[in-house]
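Novice: Protein chains in written order, with the working numbering: chain A, 98 to 473; chain B, 98 to 473.
Quick caveat, the hints were computed from the structure, so don't treat them as lab data. Possibly wrong hints are sitting among the right ones.
Intra- or inter-copy, both count: the list cannot distinguish identical chains.
For lysine-lysine, the following DSS-like pairs were computed, each having C-alpha atoms within a straight-line distance of at most 30 Å [to be verified]:
#: 1; residue 1: K282; residue 2: K423
#: 2; residue 1: K422; residue 2: K328
#: 3; residue 1: K117; residue 2: K157
#: 4; residue 1: K328; residue 2: K423
#: 5; residue 1: K152; residue 2: K349
#: 6; residue 1: K117; residue 2: K282
There are 2 protein chains.
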Amino acid sequence: MLIFNDVRERGPISRSQLAKELGLSPTTVTVIVDYFMEHGFLMETGKGDSSGGRKPILVKLAPDAGHVIAVDLNQSRAAILNLEAEILRVRHLPDAGKEGWVRSLIQVINSLILESGADFRLLGIGIAVPGIVSLDKGEVITATNFNINHLSLKEELQKHFHVPILLENDANAAAYGEYLYGYGKQVANFVYLHVGKAVGAGLFLAGNLFTGGAGGAGELGHITVVEDGPKCRCGNQGCLELMINESALADKWQEWVTDGAIYPGLSGLVQLSNSGHGGAQRVMNYVGSLLGRGLVTLIHLINPSFILLGGELALSNPYLLQRIKKYVSEQSIPIFSRHVEIKEGMTRSNAGIIGAGSLALHYFFEHLHLEKYIRA
Amino acid sequence: MLIFNDVRERGPISRSQLAKELGLSPTTVTVIVDYFMEHGFLMETGKGDSSGGRKPILVKLAPDAGHVIAVDLNQSRAAILNLEAEILRVRHLPDAGKEGWVRSLIQVINSLILESGADFRLLGIGIAVPGIVSLDKGEVITATNFNINHLSLKEELQKHFHVPILLENDANAAAYGEYLYGYGKQVANFVYLHVGKAVGAGLFLAGNLFTGGAGGAGELGHITVVEDGPKCRCGNQGCLELMINESALADKWQEWVTDGAIYPGLSGLVQLSNSGHGGAQRVMNYVGSLLGRGLVTLIHLINPSFILLGGELALSNPYLLQRIKKYVSEQSIPIFSRHVEIKEGMTRSNAGIIGAGSLALHYFFEHLHLEKYIRA
Chain A
98 MLIFNDVRER
108 GPISRSQLAK
118 ELGLSPTTVT
128 VIVDYFMEHG
138 FLMETGKGDS
148 SGGRKPILVK
158 LAPDAGHVIA
168 VDLNQSRAAI
178 LNLEAEILRV
188 RHLPDAGKEG
198 WVRSLIQVIN
208 SLILESGADF
218 RLLGIGIAVP
228 GIVSLDKGEV
238 ITATNFNINH
248 LSLKEELQKH
258 FHVPILLEND
268 ANAAAYGEYL
278 YGYGKQVANF
288 VYLHVGKAVG
298 AGLFLAGNLF
308 TGGAGGAGEL
318 GHITVVEDGP
328 KCRCGNQGCL
338 ELMINESALA
348 DKWQEWVTDG
358 AIYPGLSGLV
368 QLSNSGHGGA
378 QRVMNYVGSL
388 LGRGLVTLIH
398 LINPSFILLG
408 GELALSNPYL
418 LQRIKKYVSE
428 QSIPIFSRHV
438 EIKEGMTRSN
448 AGIIGAGSLA
458 LHYFFEHLHL
468 EKYIRA
Chain B
98 MLIFNDVRER
108 GPISRSQLAK
118 ELGLSPTTVT
128 VIVDYFMEHG
138 FLMETGKGDS
148 SGGRKPILVK
158 LAPDAGHVIA
168 VDLNQSRAAI
178 LNLEAEILRV
188 RHLPDAGKEG
198 WVRSLIQVIN
208 SLILESGADF
218 RLLGIGIAVP
228 GIVSLDKGEV
238 ITATNFNINH
248 LSLKEELQKH
258 FHVPILLEND
268 ANAAAYGEYL
278 YGYGKQVANF
288 VYLHVGKAVG
298 AGLFLAGNLF
308 TGGAGGAGEL
318 GHITVVEDGP
328 KCRCGNQGCL
338 ELMINESALA
348 DKWQEWVTDG
358 AIYPGLSGLV
368 QLSNSGHGGA
378 QRVMNYVGSL
388 LGRGLVTLIH
398 LINPSFILLG
408 GELALSNPYL
418 LQRIKKYVSE
428 QSIPIFSRHV
438 EIKEGMTRSN
448 AGIIGAGSLA
458 LHYFFEHLHL
468 EKYIRA
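Please model the complete structure; the sequences and the hints are all you need to start from.
Specialist: See below:
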């Protein structure tokens, strides 16, 4: 197990190098590496540099030895990922009423499995949920936009799929994806911020995903940015998400763009403001100030090293990024703002899928009971 | 070391019980316990229940075998604490100009040592600083109320005192004190909130003090609670600390209490509002709304299990506590507000001293090089 994860993280690497670094005998390493190779999880790959004698054969993770299914409920997508979190196949989840929703999810997962070839080996399912979840119980506690409350999603799926099933809030999952396959290797403290139809943050603190006492940490979308602002369904007032959600932005467009042009949607807004459209920029300035206000609060409370942006409104949006950076540098305590780097996340529009997949992959790597997954 | 901390945390305990719980031989335990007893750090104390045979002798920490000096710069106090964080002796730090400040601190520490008896054994010095510090470098990065910037305080003190010297932000130190000697044993996620002349929070997350990327996490005093409010010296606007600091409250008193009564100071305000004085209650309602707003933000971002209150404005203030609780229960996401308990910290007005002492005690217990501290 130790050796497997060592090869996975640092391969390609030679058996003798492994033995040296782990302080194990070459025989032990060879026996274990051979075991994993026999079952397809490690593979040989070319030769390394010689330190005298013949060149050593290198081993590395066999990326297609196993697969996970990743579901991003926010984007209504399910995908198959290999052991390196590469997306192999994607399907969209159909619109389904509240009742039919879980059933249609099960159907999509089933078709993904059926479509896959004979070498498909399902190791786990990860699900990114736009709401508050309990990872322990596998329960969606609340997902307001989906009208879900206290749904035992893991239990429902477990009836059909006999692999580990991991649920997490979507911004938390995306933070996890950045941790494993994005910027996580560079810093111990970062925040992943999703800015799209919803606004939420995943907190990676001191090297771990931080989910709080009730599993809900990171609700940046529900902090007040407009004092005495309109009441939000969360209970609070003038919440960031409420002030910059799609309907609020359409209203601002209506108010500020008087040439009769119709509201172009989130991605249209992003494109227009970046190409210099005055009205779109005015809307984006509004978004930038409120987001900036939320970020200064976040920075003063959490003092992260990176803030990684994702979501339809923040991706490929240099205009907004520049506004936010300016706001943060002007309004926050200098030692905090000097220290924080604000940029796009590495997983970009696949943040939810890679995040959900990361949950399942990480679980598999941590609890490697290979016997269960080795085909007869 | 393992055995010492085991006895410290779970004593009084018998040698045989220790051996059983740690899976060590009774002889090993006896040799090590005797070593610590010989040097005064453990002591025998009565007899436990017998499980047949004669009653076992119990051992426990000898609380006065060693001492730390704790400095709370916010309250201008220095104290000697024993190994159980009991305060044995306190001295006030004299007012001193910016230049004389460090010298007068050294003098006070020196007199505390000189006044102590022959059995005084200094193990470390902990200092709670109202500002942002670097624990690693032992540097005060910035303490605005003290006009300090980039002061190598540890280095200065280390010239005079050859024991470990630990610096920490005062709210962080207080959180540490609650962790070790207050409510910390009950929860993994809590926030210590100091509300006095300054406002700041210490974050204890997932069982560890969280200080952020640049050592500054928890600046709840510098989040915006009044949109477009006055500019704060931190760079931000309408900051919580700025809106409810002493001069802001004196202004509110002036405005709202028109019977000519002069502003009674923070503790006067607390007393008056609790005894039903209308004007004082109006000021306290104002404090409660702004604090409540800050706390809802904190709760939505961090989702703590406890919020522990301290500081002149929050201690012994049931009136304010009730206002805050009401605000939080009305304005936050139900699963968050149901989950969080808001109450006074256990270390009360000694939070800074016990916090600073905790830093030094914890360091000693973790790095127990007893040889250095054993007297000839």
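Novice: At 30 Å max between alpha carbons, let me know whether K422 reaches K328 within a copy, between copies, both or neither.
Specialist: both (28 Å within a copy, 19 Å between copies)
Novice: With identical chains treated as interchangeable, where does the CA-CA distance between K117 and K157 reach 30 Å or less: within a copy, between copies, both, or neither?
Specialist: Cα proximity of K117 and K157: one copy only (17 Å, versus 45 Å across).
Novice: Quick one: K328 to K423, C-alpha cut-off 30 Å, is that within a copy, between copies, both, or neither?
Specialist: Answer is both: 29 Å inside a copy and 17 Å across each meet the 30 Å cutoff.
Novice: Reference check for the pair K117 and K282, CA-CA at most 30 Å: within, between, both, or neither?
Specialist: The answer is within: 24 Å in one copy meets 30 Å, while 42 Å across copies does not.
Novice: When no copy is named, should K282 and K423 be tagged within, between, both, or neither for a Cα gap of at most 30 Å?
Specialist: within (27 Å within a copy, 42 Å between copies)
Novice: What label fits K152 with K349 when the C-alpha limit is 30 Å: within, between, both, or neither?
Specialist: neither (66 Å within a copy, 80 Å between copies)
Going down the numbered hints, you'll see the structure goes against just number 5.
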